[in-house]
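With the hints as constraints, model all of the structure from the sequences given.
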Amino acid sequence: MTTLEDVSTTPVVLGGVRGGPPVPTLRKDRWWVQPIVTVVVLTAFVAYATWAAFVNKDYYAGATMHRDLISPFYSPCLTESCVPGSHPGTIITWWQISPALLILIFPLGFRLTCYYYRKAYYRAFWWAPPACAVADAHGSYKGESRFPLILQNIHRYFFFAGLIFNVLLTIDAVMAFRQPGVGIGFSVGTAVLCVNACLLWLYSLSCHACRHLCGGGLKKFSEHPIRHRIWKALTPLNAHHMVFAWMSLVFVALTDVYVRLVASGAIHDYGFHF
Amino acid sequence: MADDTTTPRTDGGAGAAGERTVTMRLWRGDASGGEFVDYVLPAVEGEVVLDVVHRVQATLAPDLACRWNCKAGKCGSCSTEINGKPSLMCMTRMDTLPTDEAITVAPMKTFPVLRDLVTDVSYNYEVAKRIPPFNPRPKTDDEVAAGGYRMQQIDVERSQEFRKCIECYLCQDVCHVIRDHEENKTAYAGPRFFARSAELEMHPLDATDRRELLQEEQGLNKCNITKCCTEVCPEHIKITDNAIIPLKERVVDARYDPVAWLGRKILRRTKGTAAAAAATAPAHGPAAVQPAVEVTGIPGPQRR
Ligand code: SF4
Ligand code: SF4
Ligand code: FES
Ligand code: FES
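As you go down the protein sequences, you meet chains W and V in turn.
My numbering puts the first sequence at residues -6 to 267.
My numbering puts the second sequence at residues 2 to 305.
Fair warning: there could be bad hints in the mix.
Unchecked claim - Distance condition first, Cα-Cα at most 27 Å in a straight line; then the derived DSS-like pairs of lysine-lysine:
id, chain 1, residue 1, chain 2, residue 2
1, V, K130, W, K212
2, V, K239, W, K213
3, W, K225, W, K213
4, V, K239, W, K225
5, W, K213, V, K272
6, V, K266, W, K213
7, V, K140, W, K212
8, V, K140, V, K75
9, W, K21, V, K272
10, V, K140, V, K272
11, W, K112, V, K239
12, V, K239, W, K21
13, V, K165, V, K72
14, W, K212, V, K266
15, W, K212, V, K165
16, V, K130, V, K239
17, V, K239, W, K212
18, W, K135, W, K112
19, V, K239, V, K266
20, V, K272, V, K130
21, W, K212, V, K72
22, W, K135, V, K239
23, W, K112, W, K50
24, W, K213, V, K140
25, V, K165, V, K239
26, W, K225, W, K212
27, V, K272, W, K135
28, V, K75, V, K130
29, V, K239, V, K72
30, V, K239, V, K75
31, V, K130, W, K135
32, V, K165, W, K225
33, V, K165, W, K112
34, V, K165, W, K213
35, W, K225, W, K112
Unchecked claim - Where chain W lies over chain V, by a calculated footprint (3+ residues, C-beta under 8 Å):
id, stretch
36, 57 to 69
37, 98 to 112
38, 178 to 190
39, 242 to 251
Hints listed in this document are in silico derivations from the structure and should not be mistaken for laboratory results.
Beta carbons are placed, not taken as given, at the ideal position from N, Cα and C, and that holds for glycine.
Encoded structure:
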């Protein structure tokens, strides 16, 4: 009778001969669709956001239109160059170019270090790997163990910065109920800003760092019942983080487009007031 | 692909006029080389890939090697790559695959081939030996009086997801860190063992701090969270979301978060080192289970 100790294991052979043909993949489905869609959408967003950040006009529909709508790319507008009414007061005087550039660093950092977007761009742009069971495009691979990718570990700080922006954009959405000169009202623009703020909250609250900080990092939930409840509530949101990441990304751009069209006079922001 | 295949063998009972057939393109070979061979068989309603492979064995290629046990998706033996996707043969229904072209079945790519569809997965067992085992904290006086540990369900339920693992190693197979970069095998535990470490790290009684070990020697920072392990797991374990990312966040607490660092200083808490965690693992199994080829650097308790 053999015991477990008598059984010797098969030697581990590193670099042993692998089976299968030497081809990058044997997949027959359309695995390339997902990376292509990711590249197209992210590139379009970055191109649009860069253009919108540099044009430095038409980002605010103000009192002359009986509206108070500001583009999320330009909020909070804190520099001297901000159009009148778009900001509570000038705080930064030395900044001469578009105020959007000052703001976009934070959402950009937040999304760049986001666990979901990391997956998306490592696959689609970096091809490490382009899709599952499709060969990685690189000769050597060290992952996130070295500079600069080791910086992904600061994601939680961008998460906190993102929360501040969520609060500010929520205030913008509330302010969008004001129709200067006519009173309080509701317009398509109000709805757009409200939906935008909600999606940004959903994106932030479903963040993996948020889930960890709220309770995931605990060893014993039973000693922290409130944090456990928060963690339990965030977990289903977290499962849909990818959906919120895309929805909030696309919608933030659409919000800018809408405010831009209204502010430039291209369309009228339909609404009513009390 | 045509270069890799030889003439189809059609003597499997197929061929009667008008009969529906399936073509199985199976990898045949061993460490000295191999090729795809096509086998044409009559199509049978309701089969899984393993059934068809067994019919090939029974009728066309009695020397075909394939590994299987339960035919119920529970033993984790029949892992292969079906049409390029790491899958269990016994859980892949034929009616989910296009039958107008040959269905390829290849051995897992990340591990050395033994014969035909069978690979040598011992790398995984070596990694497993080097995961510091469950290390329960000492019992409190109350627990001693009560006759044992007391735990609450809410404290253990997170870990239970990872207990579903059937060790099919499909996640290890698909992980590009070792699939495409053999050299990383010396310092990479892989998704199955990240899930194992997460299970223990989240366990309310476990007293080992595995964070430094995970980051320094088990290659947690090589995983770029591209989620292929989650995509292939037949037990639907959310390896990336529920094990790897939480572990990465715990490592951030231990290493990269100045606020957490300050908190530890003020509260005078210490954190474990990689060496301390590794020291709780049995250095190696009994002499008889030593690997014949000394594998250096596989993540684990190399005491420095
Ligand atoms: S998520 Fe990480 S562990 Fe899982 S397959 Fe991708 S790189 Fe490997
Ligand atoms: S985690 Fe899932 S894919 Fe990996 S070995 Fe376990 S059951 Fe298989
Ligand atoms: S925002 Fe995506 S993980 Fe934090
Ligand atoms: S034969 Fe057991 S999992 Fe397929």
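Hint check results:
no., hint, in the structure
1, V:K130 x W:K212, "24 Å, holds"
2, V:K239 x W:K213, "21 Å, holds"
3, W:K225 x W:K213, "14 Å, holds"
4, V:K239 x W:K225, "16 Å, holds"
5, W:K213 x V:K272, "17 Å, holds"
6, V:K266 x W:K213, "22 Å, holds"
7, V:K140 x W:K212, "17 Å, holds"
8, V:K140 x V:K75, "35 Å, violated"
9, W:K21 x V:K272, "48 Å, violated"
10, V:K140 x V:K272, "21 Å, holds"
11, W:K112 x V:K239, "15 Å, holds"
12, V:K239 x W:K21, "25 Å, holds"
13, V:K165 x V:K72, "17 Å, holds"
14, W:K212 x V:K266, "20 Å, holds"
15, W:K212 x V:K165, "21 Å, holds"
16, V:K130 x V:K239, "23 Å, holds"
17, V:K239 x W:K212, "19 Å, holds"
18, W:K135 x W:K112, "15 Å, holds"
19, V:K239 x V:K266, "34 Å, violated"
20, V:K272 x V:K130, "23 Å, holds"
21, W:K212 x V:K72, "37 Å, violated"
22, W:K135 x V:K239, "23 Å, holds"
23, W:K112 x W:K50, "34 Å, violated"
24, W:K213 x V:K140, "16 Å, holds"
25, V:K165 x V:K239, "11 Å, holds"
26, W:K225 x W:K212, "15 Å, holds"
27, V:K272 x W:K135, "26 Å, holds"
28, V:K75 x V:K130, "22 Å, holds"
29, V:K239 x V:K72, "23 Å, holds"
30, V:K239 x V:K75, "18 Å, holds"
31, V:K130 x W:K135, "24 Å, holds"
32, V:K165 x W:K225, "21 Å, holds"
33, V:K165 x W:K112, "25 Å, holds"
34, V:K165 x W:K213, "21 Å, holds"
35, W:K225 x W:K112, "24 Å, holds"
36, 57 to 69, "violated (count 0)"
37, 98 to 112, "holds (count 9)"
38, 178 to 190, "holds (count 9)"
39, 242 to 251, "holds (count 6)"
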